[in-house]
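J.: Given the sequences, and given the hints that come with them, work out the whole structure.
Chains as they are written, first to last, in our numbering: chain A, 114 to 227; chain B, 51 to 166.
Hints should not be assumed to be uniformly reliable.
Stated by the list, open to error - Result set (EDC-like, lysine to aspartate or glutamate): computed pairs, CA atoms no more than 16 Å apart in a straight line:
1) B:Lys102 with A:Asp212
2) B:Lys102 with B:Glu113
3) B:Lys106 with B:Glu92
4) B:Lys158 with A:Asp139
5) B:Lys158 with B:Glu65
6) B:Lys161 with B:Glu58
7) B:Lys158 with B:Glu58
8) B:Lys158 with A:Asp151
9) A:Lys184 with A:Asp151
10) A:Lys184 with A:Asp212
11) B:Lys127 with B:Glu113
12) B:Lys127 with B:Asp52
13) A:Lys122 with B:Glu92
14) B:Lys110 with B:Asp134
15) B:Lys161 with A:Asp151
As the list claims (entries may be wrong) - To spell it out: a stretch of chain A is covered by chain B in this simulated footprint if at least three of its residues, at any positions, have a beta carbon under 8 Å from a beta carbon of chain B; those stretches are:
16) 174-185
17) 192-199
18) 204-212
Hint data in this document are derived by calculation from the structure and do not stem from the laboratory.
All C-beta atoms in this analysis are idealised placements derived from N, C-alpha and C, irrespective of residue type, glycine included.
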Amino acid sequence: NAGVTQTPKFQVLKTGQSMTLQCAQDMNHNSMYWYRQDPGMGLRLIYYSASEGTTDKGEVPNGYNVSRLNKREFSLRLESAAPSQTSVYFCASSEGYSDNQPQHFGDGTRLSIL
Amino acid sequence: GDSVTQMEGPVTLSEEAFLTINCTYTATGYPSLFWYVQYPGEGLQLLLKATKADDKGSNKGFEATYRKETTSFHLEKGSVQVSDSAVYFCALSDPYSGAGSYQLTFGKGTKLSVIP
Chain A
114 NAGVTQTPKF
124 QVLKTGQSMT
134 LQCAQDMNHN
144 SMYWYRQDPG
154 MGLRLIYYSA
164 SEGTTDKGEV
174 PNGYNVSRLN
184 KREFSLRLES
194 AAPSQTSVYF
204 CASSEGYSDN
214 QPQHFGDGTR
224 LSIL
Chain B
51 GDSVTQMEGP
61 VTLSEEAFLT
71 INCTYTATGY
81 PSLFWYVQYP
91 GEGLQLLLKA
101 TKADDKGSNK
111 GFEATYRKET
121 TSFHLEKGSV
131 QVSDSAVYFC
141 ALSDPYSGAG
151 SYQLTFGKGT
161 KLSVIP
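T.: Below, the structure is given as structure tokens:
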């Protein structure tokens, strides 16, 4: 009963390095999301994918790119990491058919940029 | 735009005390409302939800009632346990926001610590 799986769980990068965070869901959900969580800021949406083949910017997309590889997988890429991108990143998925369906979250990736 | 405001923490309670975490919202349409809980080192889990006015969501002894007249969705529990220590997030999904894909708008979270 995996739900939403994120890899890696922890990562330390140097400024300027690139990295891809992976996310996969096994619930046959249509919509997937990437958030970042910072102290005192709650969760902020980076990018989302309403359905396979589509992606859109959220509240804080600068410095990130995403790929909806297939219905199951949605990756987040940092092309040139900056210390301001130190955060905990969460992937989520939902059925996407109505507003009353909850999102299901992974356990997060804790990313530090030195 | 849509927004969610919840009481700032941290909140510290003794075991068996009554819990209230206030949440108010602003939305374009008639949103669905959610409470999520985040235990240390984990992702967010859905705690309860309500999809229309006067609905009451409940789970694990927690309750929240969708109050359209006061645009509120306060979380309550009659007797908290040490195991309830976590961060609680209020959130809404507004089908009329135009944002697409039923995005969630979150409050900033309230950290609850329950001491024996």
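J.: All hints are to be evaluated individually against the structure, with a verdict given for each.
T.: Checked hints:
Among the hinted pairs, lysine 102 of chain B with aspartate 212 of chain A is consistent with the structure: their alpha-carbon atoms are about 11 Å apart, no more than 16 Å. The suggested pairing of lysine 102 of chain B with glutamate 113 of chain B holds, with an alpha-carbon distance near 15 Å, which does not exceed 16 Å. Simply put, lysine 106 of chain B and glutamate 92 of chain B have alpha-carbon atoms about 26 Å apart, too far for the 16 Å limit, and the pair is violated. This hinted pair does not check out: lysine 158 of chain B and aspartate 139 of chain A have alpha carbons roughly 29 Å apart, beyond 16 Å.
This hinted pair does not check out: lysine 158 of chain B and glutamate 65 of chain B have alpha carbons roughly 24 Å apart, beyond 16 Å. Simply put, lysine 161 of chain B and glutamate 58 of chain B have alpha-carbon atoms about 8 Å apart, close enough for the 16 Å limit, and the pair holds. Taking the CA atoms of lysine 158 of chain B and glutamate 58 of chain B, the gap is about 8 Å. The hint holds against a cut of 16 Å. Our distance criterion of 16 Å between C-alpha atoms is met by lysine 158 of chain B and aspartate 151 of chain A, whose separation comes to about 10 Å.
For the proposed pair lysine 184 of chain A and aspartate 151 of chain A, the alpha carbon gap of about 28 Å is over 16 Å, so the pair is violated. For a cut-off of 16 Å, the pair hint linking lysine 184 of chain A to aspartate 212 of chain A is broken: about 20 Å separates their Cα positions. At most 16 Å may separate the alpha-carbon atoms for a hinted pair to count; lysine 127 of chain B and glutamate 113 of chain B meet this at roughly 6 Å. For the hint pairing lysine 127 of chain B with aspartate 52 of chain B, the CA-to-CA distance comes to about 27 Å; that exceeds 16 Å, so the pair is violated.
Distance check on the hinted pair: lysine 122 of chain A and glutamate 92 of chain B sit about 11 Å apart at the alpha-carbon level, within 16 Å; holds. Simply put, lysine 110 of chain B and aspartate 134 of chain B have alpha-carbon atoms about 10 Å apart, close enough for the 16 Å limit, and the pair holds. Using a Cα cut-off of 16 Å, the hinted pair lysine 161 of chain B and aspartate 151 of chain A holds, with the two alpha carbons roughly 14 Å apart. Proximity of the stretch 174-185 of chain A to chain B, defined as three or more residues with a beta carbon under 8 Å from a beta carbon of that chain, is not established by the 0 residues found.
Coverage of the stretch 192-199 of chain A by chain B is violated in this model, with 0 residues showing a Cβ closer than 8 Å to a Cβ of that chain against a need of three. Counting residues of the stretch 204-212 of chain A whose CB lies closer than 8 Å to any CB of chain B gives 5, which reaches the minimum of 3, so the coverage claim holds.
When the structure is compared with the earlier hints, violations turn up for hints 3, 4, 5, 9, 10, 12, 16, 17 and for no others.
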